[in-house]
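Novice: Residue-level listing of the chains:
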Amino acid sequence: MPEKKDVRILAYESSCDETSTAVVKNGREIESLVVATQIKSHQRFGGVVPEVASRHHIEVITQITKEALAEAGTNWADLDAIAVTYGPGLVGALLIGVSAAKAASMATGLPLIGVDHIMGHIMAAQLTDEITYPALALQVSGGHTELVLMHDPLNFEIIGDTRDDAAGEAYDKIGRVLGVNYPAGKTIDAWAQEGHDTFHFPRAMLQEDNYDFSFSGLKSAFINTAHHADQIHEQLNKKDLAASFQAAVIDVLAEKTVRALKQYEPKTFILGGGVAANLGLRTRLSQEINKLAQQPKVIMPPLKLCGDNAAMIGAAAYNLFEAGQFADLTLNANPSLELPYAASMLN
Amino acid sequence: MKILSISTATSNLSVALTENERTVAAAEETDRRNHSEHLDPLINQLLKQAGWQLADIDRFAVALGPGSYTGLRIGVTTVKMFASILNKELVGLSTLAILADNFAHSDQLVVAALDARNDNFFAGAYIFKNGQPTNVVPDGHYHLDKLLAAIKQAAQEQGKKNVILAGSGLSERSEALQAALPDLSLTFAQDQDNQVHASHLGQLARSAKILDPDQVLPRYLRRTQAEMDWHRKTGKPFGQDSDYVEEV
Ligand SMILES: Nc1ncnc2c1ncn2[C@@H]1O[C@H](COP(=O)(O)OP(=O)(O)OP(=O)(O)O)[C@@H](O)[C@H]1O
Ligand SMILES: [Mg+2]
Numbered sequence: 001m002p003e004k005k006d007v008r009i010l011a012y013e014s015s016c017d018e019t020s021t022a023v024v025k026n027g028r029e030i031e032s033l034v035v036a037t038q039i040k041s042h043q044r045f046g047g048v049v050p051e052v053a054s055r056h057h058i059e060v061i062t063q064i065t066k067e068a069l070a071e072a073g074t075n076w077a078d079l080d081a082i083a084v085t086y087g088p089g090l091v092g093a094l095l096i097g098v099s100a101a102k103a104a105s106m107a108t109g110l111p112l113i114g115v116d117h118i119m120g121h122i123m124a125a126q127l128t129d130e131i132t133y134p135a136l137a138l139q140v141s142g143g144h145t146e147l148v149l150m151h152d153p154l155n156f157e158i159i160g161d162t163r164d165d166a167a168g169e170a171y172d173k174i175g176r177v178l179g180v181n182y183p184a185g186k187t188i189d190a191w192a193q194e195g196h197d198t199f200h201f202p203r204a205m206l207q208e209d210n211y212d213f214s215f216s217g218l219k220s221a222f223i224n225t226a227h228h229a230d231q232i233h234e235q236l237n238k239k240d241l242a243a244s245f246q247a248a249v250i251d252v253l254a255e256k257t258v259r260a261l262k263q264y265e266p267k268t269f270i271l272g273g274g275v276a277a278n279l280g281l282r283t284r285l286s287q288e289i290n291k292l293a294q295q296p297k298v299i300m301p302p303l304k305l306c307g308d309n310a311a312m313i314g315a316a317a318y319n320l321f322e323a324g325q326f327a328d329l330t331l332n333a334n335p336s337l338e339l340p341y342a343a344s345m346l347n
Numbered sequence: 001m002k003i004l005s006i007s008t009a010t011s012n013l014s015v016a017l018t019e020n021e022r023t024v025a026a027a028e029e030t031d032r033r034n035h036s037e038h039l040d041p042l043i044n045q046l047l048k049q050a051g052w053q054l055a056d057i058d059r060f061a062v063a064l065g066p067g068s069y070t071g072l073r074i075g076v077t078t079v080k081m082f083a084s085i086l087n088k089e090l091v092g093l094s095t096l097a098i099l100a101d102n103f104a105h106s107d108q109l110v111v112a113a114l115d116a117r118n119d120n121f122f123a124g125a126y127i128f129k130n131g132q133p134t135n136v137v138p139d140g141h142y143h144l145d146k147l148l149a150a151i152k153q154a155a156q157e158q159g160k161k162n163v164i165l166a167g168s169g170l171s172e173r174s175e176a177l178q179a180a181l182p183d184l185s186l187t188f189a190q191d192q193d194n195q196v197h198a199s200h201l202g203q204l205a206r207s208a209k210i211l212d213p214d215q216v217l218p219r220y221l222r223r224t225q226a227e228m229d230w231h232r233k234t235g236k237p238f239g240q241d242s243d244y245v246e247e248v
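These protein sequence lines are chains F and Z, in that order. Residue numbers for the first sequence follow the working numbering, so the first one is 1 and each next one is one higher. Residue numbers for the second sequence follow the working numbering, so the first one is 1 and each next one is one higher.
Treat each hint with caution, since some may be false.
What the hints assert, rightly or not - The following residues of chain F were derived to be distant from chain Z, with all beta-carbon distances above 12 Å:
#	residue
1	28
2	214
3	291
4	292
5	321
6	325
7	336
As the list claims (entries may be wrong) - If you want the footprint, here are the derived chain Z segments under chain F, 3+ residues with CB under 8 Å:
#	segment
8	41-48
9	65-79
10	82-89
11	167-174
12	208-217
FYI, nobody ran anything at the bench for these hints, they're computed from the structure. Here a beta-carbon is modelled for each residue, glycine too, at the ideal position from N, C-alpha and C.
Could you build all of it, start to finish, from the sequences and the hints given here?
Specialist: Laid out in structure tokens, this is it:
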């Protein structure tokens, strides 16, 4: 039998404040990855300004296309498809990737694949290790906090979701209170390693019989504590504040994840999204999973694949390619794209 | 020379294929806000109609701005990619020059303007010599009062009494404008003459300067509100775009 031909996909990601291109082989091997980040720009404003983000994306789009090809040592003729994040994210930002990928598809005749950004985050795992199904993913990022049940590489359903803020968003908001530049997660994580949970912030929805999360109560408790201390001119230990906040976040994420692992007994557990870079969270989840009677394989992608990047989009796109799920030239940005919800979530 | 011209600057999506002075195929979708969905299929439709391939195009032309920021980026991104991948020429023209070109054979002062809300306009004024536009009120973002003063001055300097106004947001104010410019005789463009047409772009593109696809950006003619607020608050210089984006 002839060997299966390699599939090379050029992928684009521009949903927020990173413009990224990558060439990925067979959905598993990164042949090149270029990430142009705009963090320095948005730090002027304390958060991502959508119009500024869109303007930066278009500045680099043709250059990073050439760089991804050059770094991979490929040219257009070696590629099999072009993939792009088409949602969720900032509409103007998404449109740069979508317009570029469609134009590239027209100019080269290569097929086009539209990828859900969250499916992409989760599929960073496929670049790290072989996923066996069914799998369960904890997706924690700037805009999402979800438990996702994966029946196969394409059929995902959300079994738990945040009712308000996403975990990453909560990190960024309390970071502002502590005077930490956006995006604050990494610094808060580092401080937390050096502090202690002395404030005992509330753990929301821990007892409730569902897989949902809530972080706005925690955020408010944190802000009230900080403001009250300010008013009475008391200096609070920032490292203890960070450790206390992080402990509350991790307790809830770990508890609900473990419960879901016990109920669904997946073969693989995946940690995905920007907050998956969190050291405390990675350590705690590993410890908890080690205690389980039925232990899934654990995939936690390396830090550089946790944040937004095009390699993860190329990984997810490969699965769509194999299933023959292509987009046409009417592909548009969909800022509020969502993975499907499980039946249990729909009432 | 075969040229593909695109304008996504306004609600009127316009695409044209031209070969020298001849328009081979052209199409417009009026008031379609979803340019992202319609642009590429429309290009393909015109290519098919003309019996051309995308690779046959010698030069890609785009309305660079001003206009809807999101709209501009759709068109500009598309031609940047086409030109870059196919190794073909790229030119970009002022949206306002293309709009004014609807009156290329007039000897009047032509004011082209796009409504930018709250009595503000992206506007410029042009005169034509041998069908070629000269920008006599520089393309910019103007409050109506400033625009009127600039039109008055340009008309005086160019010795024009008759002024044509085209675009959006002006004809609704025709009486007020005429009252504000009593020494000038104003004519307001009708219907299609208020739209940006890619077929006109295709003509202007023939003598336009060739641009580097990697460097070309929309001409927004206005910084973002966030940047202006930041600048006012901190007094810091805006800096170069390249100061803010880094590869990691
Ligand atoms: N070590 C860390 N600990 C906690 N949070 C972190 C860490 N590193 C990054 N983050 C957070 O991750 C978030 C960014 O993740 P990501 O880029 O995946 O989100 P996004 O793309 O903005 O949103 P989404 O993917 O949900 O659409 C930020 O909120 C940032 O603070
Ligand atoms: Mg993300």
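Novice: The structure should be examined with respect to each hint, and the outcome stated for every one.
Specialist: Hint check:
no. : hint    : in the structure
1   : 28      : holds (23 Å)
2   : 214     : holds (30 Å)
3   : 291     : holds (36 Å)
4   : 292     : holds (36 Å)
5   : 321     : holds (20 Å)
6   : 325     : holds (19 Å)
7   : 336     : holds (15 Å)
8   : 41-48   : holds (count 3)
9   : 65-79   : holds (count 8)
10  : 82-89   : holds (count 4)
11  : 167-174 : violated (count 0)
12  : 208-217 : holds (count 3)
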